[in-house]
Amino acid sequence: MSVDMRTFLAHVELVNPITTAAGCASSGRELAQFFDLHRLGALTTRSITMAPRAGRPTPRMAETPSGMLNAVGLQGPGIEAFLERELPWLAQRGIKTIVSIGGGTVAEYSELARRLADAPGVTALEVNLSCPNMEDRGRVFAREGSAAAEVIASVRSIMRYDVPVIAKLAPDVADIVAVARACVDAGADALSMINNPLGMAIDTETLRPSLAAVTGGLSGPAILPLAVRCVWQVHAALPGVPLIGMGGVMTGRDAFQLVLAGACVVGVGTALFHDPYACLRIERELEDLLRARGLQRLADAVGLAHRPPGSARRHLLVDTEESTT
Amino acid sequence: MQVTGTVLTTRRVDAYHALTVVAPGIAERFRPGHFVSVAVGGAYTSMVTRRAFSIHDVKSDYGGTVELVFTAGGRGTAWLAERRARDTLDLVGPLGRPFPLPRDPVHCVLVGSEYGSAVLFPLADALLARGCRVDFVLGGAGAERVFGAMRARRIAETTTLTTEDGSLGLRGKVTDALPSVIADTRADAVYACGPMETLRAVTAVAMEFDIPVQVAVEEQMACGIGVCMTCVIPVIGDDGATRMVRACAEGPVFRGERVRFEDVGTIPFDALGAPGGGARHVS
Chain A
1 MSVDMRTFLA
11 HVELVNPITT
21 AAGCASSGRE
31 LAQFFDLHRL
41 GALTTRSITM
51 APRAGRPTPR
61 MAETPSGMLN
71 AVGLQGPGIE
81 AFLERELPWL
91 AQRGIKTIVS
101 IGGGTVAEYS
111 ELARRLADAP
121 GVTALEVNLS
131 CPNMEDRGRV
141 FAREGSAAAE
151 VIASVRSIMR
161 YDVPVIAKLA
171 PDVADIVAVA
181 RACVDAGADA
191 LSMINNPLGM
201 AIDTETLRPS
211 LAAVTGGLSG
221 PAILPLAVRC
231 VWQVHAALPG
241 VPLIGMGGVM
251 TGRDAFQLVL
261 AGACVVGVGT
271 ALFHDPYACL
281 RIERELEDLL
291 RARGLQRLAD
301 AVGLAHRPPG
311 SARRHLLVDT
321 EESTT
Chain B
1 MQVTGTVLTT
11 RRVDAYHALT
21 VVAPGIAERF
31 RPGHFVSVAV
41 GGAYTSMVTR
51 RAFSIHDVKS
61 DYGGTVELVF
71 TAGGRGTAWL
81 AERRARDTLD
91 LVGPLGRPFP
101 LPRDPVHCVL
111 VGSEYGSAVL
121 FPLADALLAR
131 GCRVDFVLGG
141 AGAERVFGAM
151 RARRIAETTT
161 LTTEDGSLGL
171 RGKVTDALPS
181 VIADTRADAV
191 YACGPMETLR
201 AVTAVAMEFD
211 IPVQVAVEEQ
221 MACGIGVCMT
231 CVIPVIGDDG
241 ATRMVRACAE
251 GPVFRGERVR
261 FEDVGTIPFD
271 ALGAPGGGAR
281 HVS
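Going down the list, the protein sequences come from chains A and B.
Here the working numbering is used: position 9 in the first sequence is 9, and no number is missing along the way.
Here the working numbering is used: position 102 in the second sequence is 102, and no number is missing along the way.
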């Protein structure tokens, strides 16, 4: 028996639920040396900014127990070079591409959306809301529903109607459900969570912070429980909204947890640093787990953990194929 | 490519550990300067980043073996130092851009500091195969930390050793001995590997003599394949613009004079995309 691994991100069908997490697969070429990118559900690019960015000074990375801290600072060539070289490379190969964008102002996000609106090959747009808001003393957009909603509303109004806009949420907030709801109300077609929570490590040899940027995003298996909690809470509050779950997924079992919590797509990030083939392995392991539990379709498992204790196994969720109105 | 390699032999070489691993696919594609990344800690490891190692030796036995040299410094390398014959290791490689080799049989000086010297031996073999003259300058803090002195003496025209405590060869650093070696051998090119500070000094000497210098940098990496963007250093491109480039994908071998050693660990103000708008900032 083969398991139907197809999933829907808003109205876009993906062959399987595994995508790369933003910033963990660059623009795809590096991973293409290892496997055929068509075997991914979708490839998520690093966050693209308007101008080229040199990023943060080094050291940018510190390994921590079951995870790592990073402070790369969105290094990248800017939208111009992305549209000229990187996106066409993906588009020509027909690779489903989720383009991640990052900006410092609402106007910058809007301009990025404008540049991407007519570009061929954009399957969906993921808005990285964990960027400092230049107009709000550098506090990140994702920390407040109204700031996040302003960005999403603007980007949604500019992007073509058939390109889903995904809001990427940060876990460093008092109430992630409130931010999620604000984004959905502003027009987000899907939500992805979680971005890296902020962490810090201190080098006991140099007696200084390990990272040049002092603080950095924590990723890896250490944050999986945080991701499962966020997906669970948001799915419970907004059961009809497609969720991309990510944060510390290293195995198919980790991905399965996020699916059971309510994610219909699972992002793989730090695992790619450890194992370039992680996406394929996780997809295979997830399929095996579904099969072993008698689930014939991935869609049947999405949010399954929300059913009340003791209730019979049944499909609580509406078929996603019917729920994308 | 990814290979599950089997450890063939382990040995101690002075202050260092050396592991020979059967890794056919990697061995046959190897060129001098390539490196491999190793997953450490076993199947359920809490260490999520890979460790990058240069390759000291490649042999065709058992379908192809590679030898890695390292010091047991952190938790990851300590785990690696405990591997025994027949254990398996997850390797990805060969990675990075190898050393460019001269077309003509020229005179080359190979400079290595501590275990950075390891990467120079396959390079020496390749240079000798092209009829080049090879001279070594190897150094370390003490006698037991000078790597590969015996092998260097066997294959090179001359081998100059330096130690900071004077326990072997000349007292001082490799760069103290380098100018006279370049002058004596009438060297046409310099190849170097070691810590950033050594590479900076080697590059300065080579530029004084106006000869090309190729350096292999040792930067901290998380992935080794070019996706994590943590191993960047400021390097001047063909167009004269400074970019933050990945030591793993664009390197680890660079032309010495192109690396802005004084600015490693910073974002130079004139780098492409530097905060506040660099000289070549595209707006």
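Think of the hints as simulated: they come from the structure by calculation, not from any bench.
Note that beta-carbon positions come from the ideal geometry of N, C-alpha and C, so glycine has one too.
Among the hints, erroneous ones may be present.
If we take Cβ atoms under 8 angstroms as the criterion, some of the chain B residues that face chain A in the derived model are [as the list claims (entries may be wrong)]: (1) Q2; (2) T6; (3) V7; (4) R29; (5) M47; (6) V48; (7) G63; (8) G64; (9) V92; (10) M150; (11) V227; (12) T230; (13) V245; (14) A249; (15) G273.
Against the structure, the hints come out as follows:
no., hint, in the structure
1, Q2, "holds (6 angstroms)"
2, T6, "violated (18 angstroms)"
3, V7, "violated (19 angstroms)"
4, R29, "violated (12 angstroms)"
5, M47, "holds (6 angstroms)"
6, V48, "holds (4 angstroms)"
7, G63, "violated (21 angstroms)"
8, G64, "violated (19 angstroms)"
9, V92, "holds (6 angstroms)"
10, M150, "violated (32 angstroms)"
11, V227, "holds (5 angstroms)"
12, T230, "holds (4 angstroms)"
13, V245, "violated (10 angstroms)"
14, A249, "holds (7 angstroms)"
15, G273, "holds (4 angstroms)"
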